[in-house]
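J.: Sequence:
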Amino acid sequence: MTVIDVTEPRPAVRSRLGPWKIPLRLFLVVPFVVQISVAVGLTGWLSLKNGEQAVNDLASQLRAEIGARIDQQLQNYLQVPRTLDRINADAIELGQIDITDTASLTRQFWRQRDLFKPVVVSALYFGGADGEFIGLGFQNDNTWQVGRAGAYTEGKFHSYATDDRGNPTDLLEVGNAYDPRARPWYRNAIEAKQPTWSDIYVDFKDPRLKITLVEPIYRDDGSLLGVLGVDFVLSHIRSFLQGLQIGQSGQTFIMERSGLLVASSVSQDPFNKVGDRVERIKAEDVEHPLIRNTARMLDGYFNQNLDKITQTRQLQFQLDGEKHFVQVMPFSDGENLDWLIVIVVPEADFMERIHVNTRTTIQLCAIALIVASLLGWIASRWITQPILRLSEASMEIAEGNFNQKIRVKWPNELVLLANSFNRMSVQLKSSHDQLAEYSRSLEHKVRERTLELQQEKEKSEQLLLNILPKPIAERLKNDRSAIAEHFDCVTILFADIVGFTQLSARLTPSELVEVLNQIFSVFDELSERHQLEKIKTIGDAYMVVGGLPLGTADPTAAIADMALEMQRFIRSFQTIYGESFQIRIGIHCGSVVAGVIGTKKFIYDLWGDTVNVASRMESQGSPGQIQVTEAVYSVLRDRYHFEKRGAISVKGKGDMTTYWLVDGRSPPEDYQM
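Residues in the sequence shown are numbered consecutively from 1, following the numbering used here.
For the record, the hints were derived by calculation from the structure and aren't laboratory data.
Beta carbons: idealized from backbone N, C-alpha and C, even for Gly.
Possibly wrong hints are sitting among the right ones.
[To be verified] DSBU-like mimics (lysine-lysine), calculated; alpha carbons at most 35 angstroms apart, straight line:
no. : residue 1 : residue 2
1   : K534      : K210
2   : K445      : K323
3   : K308      : K323
4   : K49       : K156
5   : K600      : K457
6   : K600      : K534
7   : K429      : K536
8   : K156      : K210
9   : K457      : K429
10  : K429      : K409
11  : K536      : K600
12  : K308      : K536
13  : K653      : K534
14  : K445      : K457
[Said to hold, decoys possible] Computed beta-carbon distance windows for the label pairs:
no. : residue 1 : residue 2 : range
15  : E173      : G300      : 25 to 31 angstroms
16  : V278      : V426      : 29 to 35 angstroms
17  : N140      : D114      : 31 to 37 angstroms
18  : Q96       : E437      : 54 to 60 angstroms
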């Protein structure tokens, strides 16, 4: 800290009266008063300007950070319905769900309710082309209810309580007539003919705004089967916005480009009840004056055409004589949502400390004027030195050096002035330190948010890797075009459970799925252990390949080892229902084309004659046996035990010599998993 001692006198400055014969005391007082006024005023003005610039920078950073948080939270909210819709649509198209079995649909929805927080997804349902409706919804009393309408309910909407497995139990309510085909979400899906977000609409049961991700489901012949829907209640967005701290009195709201309100940080609902009707309101009609006037300002600024807003804009406007900072940014989910996120913060939220310092500066200036006048009448010499020293210290503070302390021993008036100046210096330094601390806090919050975003990205990438091989997933993230690669030598295995049709007649669908899951889960572990790539399962059939996309050192041997372990496992496997099994396995090696085609519902698949031959090896094999082609035999005959089956007729290939793979490189033993 710089300490300035003003007790040491400076050489006196001699003056001579001009022709106007100005009194000496007046001549001495006026210059001193002017000097102190300029010095203190300049300090206060510079402090005010620097504070205003700091406020502008801080307000811009705050708006950008809040906008980024809102954008990311909306993306997180909307990603959940997209994920659930994709899971259910794929399950229906793959035949894993029978939409005519309402109990199966309900259980599917019930299992999915715990995947995400209820605040994200409020309902999952399916509306059939025949007018049937089945769904599971989260209610305001924090319970889940099954909703059903159609022929079973004579066209009315029935609400049921659920047991701990999601099955409907007691009938809770009989609502009005309900036909899903007349609902906005259903019509939006039919018009779009692809996954899309519905228009914002009023819930059928409760007066609340909702938006639904819908997807039409078609049969193989192209006829409409029905529409899948996943609801998101917009009041959850309002709850999130209300939890944001935007300065002291800042507000935020989201609206459509038509001006209709989606959600805001105030408690007012985004709709009005007019009798039995519910009408949405525009942002410029909100009761809160800050939101209302901000919406009107934006409407006027862009000439009643909010479609002009194509990128983030930061604006300022005056309201009741006070400046307000505004940020408006477009929001899109990559599909058909097109909203505007608006953040408004009064300048007064940041200027309170600046105004206090300004008032303090003005008070100090007044004190300095009084003290200078008194001392000027007494002694010009003892006034000149302290004032000049004080001016120097003031300039240091104006240049950002706040560690200034004025030491005055006498006279008392200058001691008071010095003390006041020192307090001002401390207050300015405190304000500067507080702004610096807030900046560090903001950087910490940004780092935390960045970490959260990285964690969410890792979760999304893990879901993608459960569907596609890692190299293919990496390529799809950078290039959405079709991926097709030729592989000269891969080995393909097909396996099929013998007697699956008869087993299906003896077990319930859920029991059957449980058995398949137990068997295929072991197969998946084997493919992972042998570094093989599972391609798909179709019903009770299982397909796996070795040698792509990265491949192993000896894919044919890895396939053979897995086949032998599969047979040993099946021989030792018995369900809790007393069922035992046999499987047929076919293996062939050769060239294929592998990759991903299309832009929707894509999977990694193989094409080529090698695939067909491997499938024929399985279908024309025998239960409990592993049939391989001569190409596989020629690769493995020195390392594995084979029995020649002989020539068999293969569709499209004629007669082919095949072999039974009997054993591997080690003696067989009962398989334990």
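J.: Each hint should be assessed against the structure and marked as holding or not.
T.: Going down the list of hints, with the structure as the test:
{"no.": "1", "hint": "K534 with K210", "in the structure": "40 angstroms, violated"}
{"no.": "2", "hint": "K445 with K323", "in the structure": "27 angstroms, holds"}
{"no.": "3", "hint": "K308 with K323", "in the structure": "24 angstroms, holds"}
{"no.": "4", "hint": "K49 with K156", "in the structure": "68 angstroms, violated"}
{"no.": "5", "hint": "K600 with K457", "in the structure": "21 angstroms, holds"}
{"no.": "6", "hint": "K600 with K534", "in the structure": "20 angstroms, holds"}
{"no.": "7", "hint": "K429 with K536", "in the structure": "68 angstroms, violated"}
{"no.": "8", "hint": "K156 with K210", "in the structure": "21 angstroms, holds"}
{"no.": "9", "hint": "K457 with K429", "in the structure": "42 angstroms, violated"}
{"no.": "10", "hint": "K429 with K409", "in the structure": "24 angstroms, holds"}
{"no.": "11", "hint": "K536 with K600", "in the structure": "17 angstroms, holds"}
{"no.": "12", "hint": "K308 with K536", "in the structure": "48 angstroms, violated"}
{"no.": "13", "hint": "K653 with K534", "in the structure": "26 angstroms, holds"}
{"no.": "14", "hint": "K445 with K457", "in the structure": "18 angstroms, holds"}
{"no.": "15", "hint": "E173 with G300: 25 to 31 angstroms", "in the structure": "47 angstroms, violated"}
{"no.": "16", "hint": "V278 with V426: 29 to 35 angstroms", "in the structure": "58 angstroms, violated"}
{"no.": "17", "hint": "N140 with D114: 31 to 37 angstroms", "in the structure": "19 angstroms, violated"}
{"no.": "18", "hint": "Q96 with E437: 54 to 60 angstroms", "in the structure": "56 angstroms, holds"}
The structure is inconsistent with the numbered hints 1, 4, 7, 9, 12, 15, 16 and 17, although it conforms to all the rest.
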